[in-house]
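K.L.:
The primary structure of each chain is shown beneath.
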Amino acid sequence: MKYLWKLLGIVFPALIWVSCIVPYEPEELVNLDDIIVVEGNISLTGPFSIRITRSTPISSYQYGHKTINIERNANVFVRNRQGKKYSPNSVTAQGEYLFDFSPENPNQEEEYQLVIESQDGRSYETDFRKSRHSSDMELNYKIDTVAEKISIYVSSHDQAGLSRYYYWQYSETWDYVSQRPAYCYFDVSSVKETNNFKPWMYRCWNSRASSEILLVETSSLVQDRIKDLEIHSINFRDIRITQHYSIDVIQTVLDNDAYLYMENMRKNSYDIGDIFSPQPNEISGNIRCVTDPSVRAIGFVSVCNSVRKMLFINCVGLPGYIREPMPPDTIVPLDAKVGFMLSLIQQGYSPHTIDPLAKVSYWNLTRCIDCRNKGGKPVVPPFWPVEWPWF
Amino acid sequence: MKRRLYSLRHILLLSISLSVIGVAYAQESYNLRYVTLDSIVRTLEHRTPDRFYYAPEQTDTLLITLQAETGNVLETLGRELKKSGFSLYRVQQHRWAILRGTPVSGIHEGFYSDSMENGKHNQEELSQISDNGKQAADSENRLYTLGDPQFSGLEGSVRLTGYIHDHLSGEPVSGVTVMTEDKKYYAMSDSYGFYSLSMPRGYNTLIIQGFGYKDSRRYLRIFSDSALDLNIAEEVFSLQGIVVSAEKMENVRNVRLGLERVRADRIRHIPMAFGEADVIRAVLTLPGVKSVGEAAGGFNVRGGATDQNLILYNQGTIYNSSHLFGLFSLFNNDVISSLELYKSSIPAKYGGRISSVLEVNSREGNKNRFTGSAGIGLLTTKLTLEGPIIKDRTSVLIAGRTTYSNWLMKLIPKESGYNNGSANFYDLNAGISHRFNQNNHLFVNGYFSRDRFSFDPNVSYRYQNINGSVRYRSVLTDRTDMVLTLAYDKYNYHMQDTTNTAMGYDMSFSLQQVSLKADFSTRLNGKHKLDYGLNAFYYILDPGTYVPFDHRSLVSADILQREQAFETALYLSDTWEITPELSVEMGFRYGLYSALGPNRHYLYHPDKPRSVETTIDSVSVGAGKMIAPYHAPEFRVSMRYAFTSDFSVKAGFNSMRQNIHMLSNTTVISPTDIWKLSDANIRPQKGWQTALGFYKNLMNNTLELSVEGYYKHMDRYLDYASFARLLMNHRIETDVIETRGRAYGVEVMLKRSLGRLNGWLSYTYSRTELRQDDPRVAEPVNKGNWYPAPYDKPHDLKLVGNFKFTHRFSFSMNMDYSTGRPMTMPVGTYYYAGGWRLLYGDRNAHRIPDYFRLDISFNIEPSHKLTLLTHSSVTIGVYNVTGRKNPYSVFFQTEGNTVNSYMLSIFGCPIPYITYNIRF
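Just so you know, the sequences run in chain order U and L. Positions 74 to 464 (the numbering used here) are the ones given, in order, by the first sequence. Positions 774 to 1693 (the numbering used here) are the ones given, in order, by the second sequence.
There may be inaccurate statements among the hints.
To be verified - What the simulated footprint calls covered on chain U by chain L, stretch by stretch (three residues with Cβ under 8 Å from a Cβ of chain L suffice, anywhere in the stretch; the number is not a length): (1) 104–112; (2) 169–183; (3) 274–287; (4) 354–362; (5) 447–461.
Since the hints were made in silico from the structure, they are not lab data. On a predicted model such as this, the values are computed, not experimentally measured, just so you know. Positions of the beta carbon are idealized from the N, C-alpha and C atoms, including for glycine.
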């Protein structure tokens, strides 16, 4: 037996990498592109947007960047059963058709559909739908020092019990500061001090829209109530919660079939690759091509009202992300040659302090000095709370 | 070479060489050089009416040269024998004895009924002979006289029945061939060790062959229908390739097509992941059996779905056959005696599934002394104890197995999200067998297993299998025997999710089955064997109970209504040996099935897709009332024509029905699959298969070649709609789609059952396609066209081999190549809901890369010294030696602005393992 355990001791470490997920290059790809994609929901009580894009071949995304194929010149309108049409007010550069016909007081009991006459001459329609009930939403958060994360929760309650199918989207905005405040900067040919001791490129703002598809149905619950459902969590070491953080959540109440459509999209996007994962599957939305029934269309357009809320969290004092060790400063005479300073800039160094007595400047790594290096911009978003620093 | 080995080692003292080396004779002359006495005797007995009796121990080193004509052959033989110190002695006409030394002057009358070897009987043998007037024959050197001598003058055939037991443990041995020397008359022992052989009246030599057992023979003089039990000894020395087997003849002679038998000790030698010998994994090495992937629970037989296999364990039905995501099956190999897989010709006594029957039986336990075994592997540890309660009458067997596999979960890729979980299982087997007397046996078996796993601390799953069966076997008359079976099976699972406190739930599913079977078997005369009986089943299915996890949960308790059903079937089948060449098995089964009330169900518009909107009525049915009876005949026909003793052609047709369906939204059997009974809205599945096969034994019966082709059709297989909700669905019928299936293929297998090098090589070409052509389905998969089933893998090459260096050391390997399974590929991308999404094309239109795996193991068998207190065996092996990253799945993901494709490998590297087993 002794001998056996010795052997096991050798065998066990060898087992550490049993299974793995590796990149895989498929040999042949069939492409089905240029299918119309319609995203957005009709609202009778406020502004809403419908975005029309086109699907793109998968092979073009195999490597590198891709852009959204937008369709800006379609004729898009909302129509009710009586044939009354509501047209968009404007079209944005992102292909969003902006509507707001709430001032016209559309009949809440009426059924509405979206009609698209696309650039290629095809005509698409959604089915007629009634406006969905909507329910209010509350946001809160918890700082979990054990799991070292901040969790954001959503709660909602519909007394009438008519909402049932919930869908959330969110975007986050946060600020962060660079590791080393710089009170000078290199400008064209020389190192210059900043004005009023305001640090240079010290605080940046960044934002990200979530691509998660968050869905919950409450039909199996006693009440139509969502209680403290965690929709997002951020680890303490994440740069997003080193200073200030805000999250903007949109809650939409869907129909059963719209819910199933989104749920399928969620499964196709995230529930794949597991041992028990089913094969991905396409299901049709509620848009069909009237001029040619064989033409596919993507998207589900409901008639519903969204609730939008923001949550702000002051994270100053949390452990924050782990900062990288900075090398010793490089000392550069203020009258050093421009070429030398430019080469330092190219090597990824920036000045941060001027010593006027010694007539030298101290330089260090740009990525520790310039906040733009971590993806943000030193531009304050308009909704930023006034009590939080704006620079 | 072979003969030299033989004479050098003197190992097989009792076995009789089949190899006739150096035989060359013309029509009327004998020219045999340096051959064994056996060969000479065989040649002479083949050509002349003369019969010879001798003691093989005395003559096995004898090599004789015989050059003679027909007229003087006996004279010459006598002369040659004399040179070696033997004499040929005429006993009566055409009866000759070969004895050492000079002939005795006279032989007493009882010579034939006594041993040729001056009585080599021990006390035990004599006591067995006197037991119930039945004989147990252990001696190879004795002529057994059976039956009533007053029939001695008659012609025709008689029937010999009896049990075959292991010489040491007293356990019955199944799958042992008993045949007459000319191979014309043939029988195989069933799972009770019972055999029934018809043979010509008079002198016969029986050849008894079983895998892992010494080939032996018995000399008989049989006058009328008789009983004879046979004790056979395990083969310890199997170095020589001269052993005739056994299963070899089975392939050619059996009437049925697509029947695979695997013995437990064979399973032990197939290298497995983590060294755990496993029944289901062994089944997967057989041609025509596939699975979706390495971690797949369940298996697919000839294009059938995983739920279309009837898995019987001691006659209890197994609904989830896997432990630990399918890495192990729930059968503990230490207690398994054998498995039989019916892929094509399914006996009429089985029904209820449309694809195959896997019958697994456990051992009965040692009847002579208390023994046990224990094993330790990388993931499991197990203990088996067995022994007699009443010697020779009652034996008991208890086995347990548990795992310490939590560490395995840590090895699962982080991306899969499972590595934060835990998983473990245990199972228990218990069995008692009791022999009232020679004709009445009782078997009681119990099985319990429990699995528990969680992927993260808030979500946990557990499931359990409970099976209990009581079997009573009685030999009613010489020609009829009966088996009564009462079995209870339960499969249930629980699922808990407390990720969000307010939505925390506990969901459970349960399926119970009670079955009563009466199976009779009657041998009418030498030509007909009738099997008939009655099966009755009662199902209780609780499809879902959904309750709040605790008081903080807002979940409203929901209980789906209980489903109940009964199923009865009568069957009759006749195995008719029309001529020794032509045999037919004709089976007929008539089943009646109905779901039972109390029940409330909906009726839907017949021409529209089923939904809440197309409901036209709801019906309430009272307790015990039939809801929707379905009844239909099933036909099982197969025939065999043997052109020669080693070449036959078989053809068969089977029709089957299945009343219980598995609904799964995964491609493998998973713990969240639900079963559904047929009812007013869900019709039973039906299927038929037709097959044709050619069977040829090559190279003096050492190699078996078989080619089988089949076409299979399945109807009303339940697939689900893309957006289906399978759990807690009150109207499951609105989410399922009746699907048609077709499968066809050819299986070629080359097998060498015994010898130093044994194993099989098989190649299968097969296709399996499904189609949703119900006009009521609004969005059928792939527009209602045929599409490949998830387990459609056209090319499949399997090699299982074992090479014995010495009787203690052997090397095994297992190779598996197959086409990759089908997958659904994206055909485009689009931006939606804040991210890039993939647009998928036709279902299963592409394939993942091919699969190839090679496993090896080195086995050190226990020493055969009987004086040792314990015997230990060690297996050292490597699973997936080449370390090929075999794909289990290929999937696409959008990450930021790019689409990436990945391949998931379950075992992406060589996995070394060691297992240690000890027997005491």
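K.L.:
Evaluate each hint against the coordinates.
P.N.:
Status of each hint after checking the structure:
Beta-carbon proximity to chain L at under 8 Å applies to 6 residues in the region 104–112 of chain U; the threshold of 3 is reached and the given coverage holds. A stretch counts as covered by a chain when three or more of its residues have a beta carbon under 8 Å from one of that chain; for the region 169–183 of chain U and chain L the count is 0, and the coverage is violated. Counting residues of the region 274–287 of chain U whose CB falls under 8 Å from any CB of chain L gives 5; the rule of at least 3 is met. Counting residues of the region 354–362 of chain U whose CB lies closer than 8 Å to any CB of chain L gives 4, so the stated coverage by that chain holds, three being the minimum.
Residue count for the region 447–461 of chain U with a Cβ under 8 Å from a Cβ of chain L: 0. That is fewer than the three needed, and the coverage hint is violated.
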